[in-house]
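Heads up: the protein sequence lines correspond to chains A and B, in order.
So for the first sequence, this note's numbering puts the first residue at 1; every next one is plus one.
So for the second sequence, this note's numbering puts the first residue at 465; every next one is plus one.
It is possible that some hints are incorrect.
[Said to hold, decoys possible] Reference excerpt, derived from the structure (chain B facing chain A, CB under 7 Å, subset only):
hint, residue
1, Asn466
2, Pro468
3, Leu483
Rather than coming from a laboratory, the hints here were simulated on the basis of the structure.
These figures come from a predicted structure and were not determined experimentally.
Each residue gets a CB set at the ideal place from its N, CA and C atoms; glycine is no exception.
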Amino acid sequence: MSLDRARARTDAPASEAVTPRRGRGTELVLLIFAIGIATFAYVSVDLGALGRVPPNALAYLGGLSAATAVAHVVIRLRAPYADPVILPIVVTLCGLGLAMIHRLDIADGTTRASTQLTWMAIGVTLFVGVLIFVRDHRVLSRLPYIAGLGGLLLLVLPLLPVIGHSIRGARIWINVGGMTFQPGEAAKIILIIAFAAYLVQTRDALALAGRRFLGVDLPRARDLGPILLVWLGALGILVVQNDLGPSVLLFGIFVLMIYIATERISWIILGLLLILAGGFAANAVVSHVAERIDFWMDPFIDPQGQVAQSLYGLAYGGLLGTGLGQGRPDLTPIAESDFIGSALGEELGLTGLIAIILLYALLASRGLRAGLLLRDPFGKLLAAGLAAGFFLQVFIVLGGVTRLIPLTGLTTPFLSLGGSSLVMNWVLVALLIRLSDAARRPAPPSATASSQTDTAVTQVVRIR
Amino acid sequence: MNSPIRRIAAGCLLLCVALLINATYVQAFWADDLNARSENRRVLLDEFSRERGPILLADDTPVAQSVPVDDEYQFQRQYPEGPIYAPLTGYYSYFFGRTAMERAQNDILSGDDDRLFVRRLIDLVTGEEPRGGAVRTTIDPAAQQAAWDGLTDKGFKGAVVAIDVQTGAILAMVSTPSYDPNPMASHSTAEQQETRDALTADPNKPDLNRAIAQRLPPGSVFKLVTAAAALESGDYDPNTEVPGPADYDLPQSTRSLPNQNGQACLDGTPTLTEALRISCNTAFAYLGNELGDDALREQAEKFGFGTQPLTNDDMNAATSVFPSDPDAPQTALSAIGQFDVSATPLQIAMVSAAIANDGVLMEPYLVREVSGPDLVSPIERTEPEERTRAVSPETAEELTSMMVDVVENGTGGNAQIEGIQVAGKTGTAQSSADRPPYAWFTSFAPADEPSVAVAVVIEDAPDTARDDIGGGRLAAPIARAVMEAVLGS
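Take the sequences, apply the hints, and build the full model.
Following this line, the structure appears as structure tokens:
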């Protein structure tokens, strides 16, 4: 297994003969493929819908290449050991998203793709900023409570008068100077950092105290405080903001991270019970939720509704898709955002949708792998939390539009139209790059290792 | 912390596999069903931008056709004859789906039918735009027009069905009031919505095909079935005398059934022929009880009751009903087509057609043939098919003579055609006290060598006094006009 090989490399820091491969060359080759796919998709859209090569194809290619090149160069300089697969996946997804948004622009007579390209440039800028200013991920663990508070503040921002703003019934937006943002996207990342930092400090109490019941280690009542607090917070967001997706995602991430920190399955069980309880309560109280569940049970109660149209689109695409520019994804409501997955499934077919799902899975697996390889508990928690949370979001939104689970309002990372989501996912990826760089970087010489004997011993025990 | 991370990774893998399986299910296995749903706008749009095939009458007059237009759909569906053929064509609406023939023959008309596969392949290779195939129906425009004029001239609500007795081909299928299907095929969604709203709100239900999809109590036309059962039993012949008092005491009941005019039929013991001629209620109620409900039901079912007709054409026709377990008084009422007996005009026409065709009921059909886009190469042609032997040839002959007597000497005088012997039977069915009776007439001609059978029902006749509503007075002239139209051509 590659995992074992990777561990063998890091477990033998003394052996100078092993020079770990940085993978920057691989990354470059993959990036060229990614840009090729993105540009080809963009050109295909115009060929399919309008029967001509887009006049700005070269400019598009140039812009995309420039943004990618900047990201690649910064990785070479600031995170040379980073996983070489992450950035190419992100560029491919961004390219497919841009192509689909451009395709919907043609159908709807809008120019959202150029806005999205601008947002991507801002995202790359933040990506670069994170890699330059966060030299070591451990600095992020310093202020768990401040971070937690900051995350919560961002979450409640849309509820404030004047700047708070509702779109399609969900009050998750703020409006500053005519531009709208979803602060929840940033809050998600900050809260994951806060969770990781908090759990690293308290995990012993959460893991060790308590008693066994029916073969399951139950936590002490007073240690339940934090999880109940987050649960109530998530429910609060749900009720006040009238949006199911973010609260399920947030609570899910927290439960996963508490499980990773404590290695006790009882937290997962407890979390699932709380989700069920919250779900039942929400179903009874929040009309929005009951409606979503009705549409999940029978999407055709409104034959022109979101889920029905999404399914029609997927069916219309079939195995191989209609081809870019040749389907009718514009018939699906909000196809450029929540339903971009089904729009791509329509024009690229099952084949394309499977490829996209696998790209996401690969990206998540790279993050989890960094979590396995990292030596410090905060880094492990952060990497696993970011990666698992990322994939959970993908599952919730793609599962929703393909009617695997009830639909909830979440964006599809890197594909959906929307600045806040795109920019913050670039930040998330910057953190994963930083973490994977730390994970794959050869351990420092043994002299340093022996000065941190305690940590080193703990790590050996934990890695097994 | 590595083992929980590994477990989380395994969990993510599970979620990923679930997404993949679900996507495969939707796009590979469920897709056909989803694409076949009539409200699926993608498939409709696809079809809209293709030249849909025409629906033709027996003489190749198109009653539904697609003509090129200059908008995003490229073709406009048109119904040149409008309301008169609406029950046949149905409509083809972007928002509200398809109905009637547009729905039943959609695969052919849209060109998706497997039998057009080779055609599609050729179009693909030659780069020609794929077109839909044509559906030729059995409808005779002259008969349809005569029936339409007969019903609409006086503003009747009703229906007419005419059948070619030897083949079962339906020559006329008219339902009034009708509607214009053109606005339903409009490319303006507002116009479609408005039309649809008006159709739904109209208490007269103009989009209901009364000829095949609405059952009504048949009243005295059902006496043909009772008479057939009597003759088939072997205990009766046309000259057998039966009691026909002014009032028939319903068995096991204190109620009695009076004749319409309150008098005994002729001398009180009319022959079977005489009873049919003057439509004697008490005599047939008596016969019904003598024969029993099982004999009546069996005879009714041989004529087609209890079996859905036009299933080959997928036209959603209603199944006519003889009650399943009537007691004695109910059996007596059933014998004169009241109580829970209910029949479509198509069913009543089938009764006449079977009698006319020496007792053999032919399977009725509406689609004569379907062909490719070039209109010359038929893909499939409907072969006439016997359904059942309803009565013996002898009984058929006796019934024919009795029905001729009805037209020549009895209640059906209005159906007489000069120089041609017509066989017929009237009916005036009560439904409830607060609404006027239903006027029925069914007939066939020529009696010696029958070719066409007709059934007419008039549900509502505005400006007609209640007492003047009767099958002979209102319905028989329409039946005559339809028969003349068929025989004249």
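To see whether the hints hold, each was checked on the structure:
1. Hint status for asparagine 466 of chain B relative to chain A: holds, with the closest Cβ pair at about 5 Å, below 7 Å.
2. Annotation: proline 468 of chain B was flagged as interfacial toward chain A, and the flag holds, the nearest CB pair being 5 Å apart, inside 7 Å.
3. Below 7 Å, beta-carbon pairs count as interface contacts, and leucine 483 of chain B has one with chain A at about 5 Å; its hint therefore holds.
Hint check: no violations occur; every hint is consistent with the structure.
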